[in-house]
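Residue-level listing of the chains:
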Amino acid sequence: MLETIIKRERDFGTPPSDSTELVRVTIDGTEIDVPAGSSVMRAAAEAGINIPKLCATDSLDAFGSCRLCLVQIEGRRGYPASCTTPVEAGMVVWTETPKLHELRRNVMELYISDHPLDCLTCPANGDCELQDMAGVVGLRNVRYGFDGANHLADQTDDSNPYFSYDPSKCIVCSRCVRACDEVQGTFALTITGRGFDSRITAGQNDSFLESDCVSCGACVQACPTSTLMEKTVIEQGQAEHSVITTCAYCGVGCAFKAEMKGQQVVRMVPWKDGKANRGHSCVKGRFAWGYATHEDRILKPMIRGDISEPWREVSWEEAIAYAASEIKRIQAKYGRDSVGGITSSRCTNEETYLVQKLVRAAFGTNNVDTCARVCHSPTGYGLKTTLGESAGTQTFDSVMHTDVVIVMGANPSAAHPVFASRLKRRLRQGAKLIVIDPRQIELVESPHIKADYHLPVRPGTNTALLTAMAHVIAIEGLIDEAFVAERCETAAFEQWRDFVSRPENSPEATESETGVPAEQVRGAARLFATQGNGSIYYGLGVTEHSQGSTTVMAIANLAMATGNLGREGVGVNPLRGQNNVQGSCDMGSFPHELPGYRHISDDTVRTQFEQAWGVELQPEPGLRIPNMFDAALSGSFKGLYCQGEDIVQSDPNTQHVAKALMSMECIIVQDIFLNETAKYAHVFLPGSSFLEKDGTFTNAERRISRVRQVMAPLAGKADWQATCDLSNALGYPMHYRHPSEIMDEIARLTPTFAGVSFKKIDELGGSVQWPCNERAPDGTPIMHVDEFVRGKGRFMITQYVPSDERSTRKYPLLLTTGRILSQYNVGAQTRRTPNLLWHDEDLLEIHPQDAEDRGIRQGDMVALQSRSGETVLRADVTERVQPGVVYTTFHFPESGANVVTTDATDWATDCPEYKVTAVQARRVTEPSPWQAKWSRFSDMQLSLLAARERGDAGLAAKPAGQADPGSRKAAPVPVGASSQSVPVPAEAGAAGIAAVAATASAATDVGREGSPAECPAPVLNAQD
Amino acid sequence: MARIFVPKDTTAIAVGADAVAQAIANEAQARGADVQLVRNGSRGLLWLETLVEVETPAGRIAYGPVEAADVPGLFDAGWLSGASHALCHGPTEDIPYLKNQERLTFARVGVIDPLSLDDYAMHGGFQGLRKALSMEPSAIVDEVVESGLRGRGGAAFPTGIKWKTVLSTGDVQKYIVCNADEGDSGTFSDRMLMEGDPYALIEGMAIAGLAVGANYGYIYVRSEYPFAIAALEAAIGLARRAGWLGADIQGSGRGFDLEVRRAAGAYICGEETSLLESLEGKRALVRAKPPLPAIQGLFGRPTVINNVISLASVPIILSKGAAYYRDYGMGRSRGTLPFQLAGNLKHGGLVEKAFGLSLRELLYDFGGGSASGRPLRAVQVGGPLGAYLPESQWDVPLDYEAYIGISAMLGHGGLVAFDDTVDMAKMASYAMEFCAIESCGKCTPCRIGAVRGVEVIEKIRRNQAREQQVDLLRDLCDTMLSGSLCALGGMTPYPVLSALDHFPEDFGLESANAGQNAAANAPIA
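In order, the protein sequences belong to chains A and B.
The first sequence lines up with residues 20 to 1043 when you count with the numbering used here.
The second sequence lines up with residues 2 to 526 when you count with the numbering used here.
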């Protein structure tokens, strides 16, 4: 069983050799065949012989510094280090001899002569390789004494919020430095001084926090002592058991070992055998998990009749009954299609599947959509149309076989850091790089990496640029004719070739539109078509455009035309934003598709589901998210069940969304925090974090990985259980004993998942890439190998149609948005962690030229105005953006980035055009009117939360602002206002009144600590 | 017109050669004498620097040590015609110190104007390269193998074999790297050659490039050698202009070019793998071998990395044939070695001789015994990692294998002599201290061991649990010998153990006592 792995994983000392040639060696009398190029140390480990070591670990290249792993080899002089000595045929090795024993003990004696003897009080006690090795070599005394030179007085660097660096414990094995270089690729660490003075240093004698360190944790992971140690371990001690699970942040889907003490997480450690991450991690997954038990978590169901009322804590039964009655009431009054649901890319496949099933079977409507609508829906459409399957074609491992990479509209080092590290590793090995992005992302130039081409495309012109590249490839005879002839539809290809070959699609003709010099486009196209294995990685900078689907098809065209599909090292690779974007799409979350991307109007498919679910399903597609808002405003859509998604903060044109929500009668939000959407909700169902439930996530490489419960749901129910309860209350029975049964149902109904089960996933080592069925019982790492899923690949015409959103005299700048490393999406999770230290507000990046034109200096407050709205951000004047383009992130609700974005959408999928908004910027001195209103509304909602009627009268209310280190701008609870205005619901009864009284007095106490605040304006006025 | 040679060598400049040259020019002008000053390299008779030579029909007449104040008197005495003077030593070539040498590699050093291509060619320069241009690469390699030339940097690895390995690799890009980070105490032959005959090194590297298929080279020069760097850079420029470097050497269609890189300023940078790291712009940490630099060297490419003297000995091997060179020397130590005499000696300097003479000959016949006039007691041969030899070992022939037999090494050919006032326990401590200061810090035995070594020796000297500490010191030496990653930690025990074994009384020990474990701890070379 994967859950019961030993605490310390087996370390083979040096990385595996990829040679297929076997070499026979004899180690301590045991003959073993190992791949050529293996180290003696690794060969011994394969034979079950553990040679003592300190500087060697199998995630890093051999280094040979500690000198503990010395061995004797017959016919060779001296004592070679087994880690740096490759095996040779016929080699006879002895790993334990009296001489080796003496040497190792004497080396260890030297180590310990400069090491504190505080094992019993050391944080690494029980998990220290130095301690282990001292035991293994039998060190019994240190003849040098302890009066010599030493580093015992060296001071600890505690600057990083997650780990400390205690140089007095350092044995200078360089594992941290090498991990930073080889695994992470940041090169933030070095060794300063030499000889005995050699010390690990971050940056140029900076503290860890001030240095270039990105807190990926690779160094901490690599450290064999307590020198680099997680603060949680220092505080809590060593874990006593561990559980393998999957990270809930980005679409890389890293496998982690949750190291536990009872129900408490001690630390999250990237799992070495995780196939997506191969033992690596980023700051978010590795360290920023504290939000899961943050005191802002809402752990009791709540309801209220109106959003101007305070919340009332109720039992699960009452909350579910109330929600069901409201759905029924609304449907009775406004019709069946007046309600709908939104699934989340952050929840498990099983949960997502259940929500769409709930909507289709229990609500009886197809009004279900997913947040993937607003990110990767064009990927689904574009790839399905051209290749036949709505998913990326490769494994992450595939990048290690690529020769030339296009990274387009993605910033992997910020948004997919673990993949970025793999990519950088390959680039350092010599692969070529083409970056297509309006902004100079880190990959363009970073330590030991320089893009061969950076094409700074003007936002909104991706299609024109890719078509121009295709033009070069077609005109210059660089098409892989054999591949195209064998694998693609001939007629469509010929049409496409004629189309791209037209003079108006040449780089020269489109230069004025794209802003990219023609020669650069030509160079990049030639490089991509001629360098060998070509792969394309792209992100939301491709999809979130009014031409998102066209650009995805242009990417597929490019890959087909150059023969870069169907094998290792090539392919089309959408980098998914959230952990389960792929899965939420796979699970039938779209209004027009049942699980497995099958159209709802297909009678055969629908009948199959009708039979399995025992209900009649609507044959027509339901509402998409933007349609839901429009329908709400026009009065036909009144009820919404929204699980794990914050539509108010993440969807474009915030004011439009807020108005839509306010016009609805029942909004049921299921989340772990009172997010922006929940401020408009009537029913709040406390969600469970990924640590609290079983299920699966599907990452960007179609890898279905197990999520395993490491602690009981804090609110008493996992999300899937709440969905079942709601369904049952609505009269449609859902009875599952465990999420594995949900997956079994998915497998029965979905051909691409036919072979998937929790048992199967465990058997395959923790994950499987779909399709997994009779044809591919162990899953499908690479898609479209012999033929495309749709048979022949289909080239699509990619006519460039400019976005409506263009820079004008009134709005001369183009705003594009993105992410930064330390924060994630709407920030609900990362803002509740010390990641705030790196990024505590969203900034507006603006080119020095544009800034100067407007008298804007670094740090100034800048109003950003579009035709949708206006918000104010502080300026970061930088050349990362090109003139005419400004950039920001959307991690903080008060930033209001989406107040500015418009409701323009992709022509095919309605994916919002987040990446292009025409704006004007000007220097101001105070926040925008919207921000002032937001602030008042938010404060009021927090006070309504703080004033909530407690289900448990013994608990004092928590102050709203204090509990949350992230909500710096949260106002204190208004004194008097809340206690006086709290209406006592009729059904609350005596206990409820007592609770209100208690709440009021608690609120008053809090009020004394903060400054008095005005009574908030009525909410409806605040938002008009 | 009289030609007067005033060395421009660092050693000569250090004792005032520039002032002497200026004084000669001034004096000649004042007297209306027609004098041409040539700034040559040093002859290596360092106690005579500034050694001024005047060209006469009877050959070059030596005057030294000349100071600026001596110049008018020398003119007065008629030195322009080779007249006698208190500072006159007669014809330079007849000075026994020079006359008794066998100068192959240093044949031109001190004789020619280092930057004169004409001088160089007139004295046999470029003949080796010309010959190499007409040969197949493997034939060049064979010639070097045949000559028996071994690495003069200290490791004594057969140069031709190293070249053969590089030649046999298939890579399109290979490099020649010259290790000119001469950092051993008491050594200066690399510097003298680079300053006195830079074309010899350039020619040797070009031949190496032709031999192994490398088209580019680097000379990694100790940063404390500014004159050597200047001489090399000037010489490279001139050689390139004359078509001896570049894409098409002398119209042969074969190319080689090179550049000088200033070293990073640490002893360890002279260790070949550290040097490669440093050349790549990284911290000079020792690399584990394998892979050998010959297979994966600079920037991961096959690389010949040789010492200055090894490479500068190649032209004569090519021009005169392997046999000519091989005929010098003894056993497996073929050819000559430029010994460098330093420390407490009357006549310090450079003595190029075939292998096989004794240390005693060097110390007395050339060195003239101690400078202090007191009896010599110990000699460290081969730099700071070489053993201290007591008088009982001074008759062992200077031969790589014979020295290994007595747990000593020839190294780079430097020797530092001490008289009977030396405290050998202090010297042992110094050996450890040197290792501690210069350790790159990568491997544990060297990084921590050297510091502990100093501390243990100090305890011995203070008679603090002396017997146990001596055992500990021997254990430590064994750990460093057997466990270190490179020669710095691995050979530091040589001077320490030799001091302990041969001079136990300096450690406060009875001789029998100290020597008891010596045999068990004999180094494995």
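It should be emphasised that the hints constitute simulated quantities derived from the structure, not laboratory data.
Only a predicted model underlies this, so the values are computations on that prediction, with no experimental measurement involved.
Built from N, CA and C at the ideal position, the CB exists for glycine as well.
Treat the hints loosely; a few may be bogus.
Claimed, not checked - EDC-like, lysine to aspartate or glutamate: derived pairs with alpha carbons at most 16 Å apart: (1) 290(B) / 500(A); (2) 118(A) / 476(B); (3) 290(B) / 177(A); (4) 290(B) / 278(B); (5) 283(B) / 201(A); (6) 291(A) / 77(A); (7) 250(A) / 177(A); (8) 811(A) / 325(A).
What the hints assert, rightly or not - Far from chain A, some chain B residues (derived; all Cβ distances over 10 Å): (9) 362; (10) 448; (11) 468.
Restraint status (C-alpha distance of residue 118(A) to residue 476(B) at most 16 Å): holds, 12 Å
Holds or violated: residue 291(A) to residue 77(A), with C-alpha atoms at most 16 Å apart: Roughly 10 Å between the alpha carbons, so the hint for residue 291(A) and residue 77(A) holds.
Residue 448(B) and chain A, when compared Cβ to Cβ, separated by more than 10 Å: violated, 6 Å
Straight-line alpha-carbon gap residue 290(B) to residue 278(B), limit 16 Å: holds, 13 Å
Hint consistency between residue 811(A) and residue 325(A) [alpha-carbon to alpha-carbon, up to 16 Å]: violated, 55 Å
Straight-line alpha-carbon gap residue 250(A) to residue 177(A), limit 16 Å: holds, 9 Å
Separation of residue 362(B) from chain A, once the least beta-carbon distance is taken, above 10 Å: Non-interface label on residue 362(B) holds, nearest chain A Cβ at 32 Å vs cutoff 10 Å.
Hinted pair residue 290(B) and residue 177(A), Cα distance within 16 Å: Status violated; Cα separation ~38 Å.
Satisfaction of hint between residue 201(A) and residue 283(B), Cα-Cα up to 16 Å: Cα-Cα ~15 Å, so holds.
Straight-line alpha-carbon gap residue 290(B) to residue 500(A), limit 16 Å: Given pair residue 290(B), residue 500(A) is violated - Cα atoms ~47 Å apart, limit 16 Å.
Residue 468(B) non-interfacial with respect to chain A [C-beta, more than 10 Å]: Holds: least Cβ distance 12 Å, greater than 10 Å.
Of the numbered hints stated above, those contradicted by the structure are hints 1, 3, 8, 10, listed in ascending order.
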